[in-house]
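Novice: Sequence:
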Amino acid sequence: MYGIVLVVTIALLGGVIAFLGDRIGMKVGKKRLSLCGLRPKYTSMIITVVTGVLIAGTTLLLLTLVSNDVRTALFRMKSLQTELAATRQDLDGAEARLRQVEAETKALQEKKVALEVERDRLRKEIEAYAGEAALLRANTRGTESGKESEGKFQRERRAE
1 MYGIVLVVTI
11 ALLGGVIAFL
21 GDRIGMKVGK
31 KRLSLCGLRP
41 KYTSMIITVV
51 TGVLIAGTTL
61 LLLTLVSNDV
71 RTALFRMKSL
81 QTELAATRQD
91 LDGAEARLRQ
101 VEAETKALQE
111 KKVALEVERD
121 RLRKEIEAYA
131 GEAALLRANT
141 RGTESGKESE
151 GKFQRERRAE
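Residue numbers are given in my numbering: position 32 of the sequence shown equals residue 32, and the series is strictly consecutive.
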């Protein structure tokens, strides 16, 4: 709503200034007045140009008074462009760092997966060796028990 009111106000103000400039130009032309010794034709042209300048100046003045964005655009544009360029460079640097960190993260994740696979393989291998060791212990105990009983049997036979 605010923008519409501003546009309508500028249009009306420009129309009023143009109308007044036209009227003044017509009166100067009819009365054959001259400025600084110029012919009336050129005097009316100067009045028309001044009227156009007044329309543009009034429009800019009104917009500058009413809108903070227009003031910024008119008076701080160069500093904003410099700031924007610096911000873009910062963004480019941050994006480059992001890509680098993402690549490192991907490599580390792949390494993690490979290490987890290796860990699982080693656990299975340990379990297999543990089972084998238990079997060997059982066999060793059985053999020792068998030797003891065999030795006992032989002692008993000698005693007879």
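Derived from the structure by calculation, the hints contain no laboratory data.
Keep in mind that a hint or two might mislead.
In silico DSBU-like cross-links for lysine-lysine, where the CA-CA straight-line distance does not exceed 30 Å [as the list claims (entries may be wrong)]: (1) Lys41 - Lys30; (2) Lys124 - Lys106; (3) Lys27 - Lys41; (4) Lys31 - Lys41; (5) Lys124 - Lys112; (6) Lys124 - Lys111.
Novice: Taking 30 Å as the top limit, are the C-alpha atoms of Lys124 and Lys106 close enough?
Specialist: holds (27 Å)
Novice: Take a quick look at whether Lys27 and Lys41 sit within 30 Å of each other, Cα to Cα.
Specialist: The given pair, whose Cα atoms are some 12 Å apart, holds under the 30 Å limit.
Novice: Does the structure keep Lys31 and Lys41 at a Cα separation of 30 Å or less?
Specialist: holds (11 Å)
Novice: Are the Cα atoms of Lys124 and Lys112 separated by 30 Å or less?
Specialist: Satisfied, since the Cα-Cα distance of roughly 18 Å is no more than 30 Å.
Novice: Keeping to a limit of 30 Å between CA atoms, is the pair of Lys124 and Lys111 held or broken?
Specialist: Holds, at roughly 20 Å.
Novice: Checking one constraint from the list: CA of Lys41 to CA of Lys30, max 30 Å. Satisfied?
Specialist: holds (10 Å)
Of the numbered hints stated above, none is contradicted by the structure.
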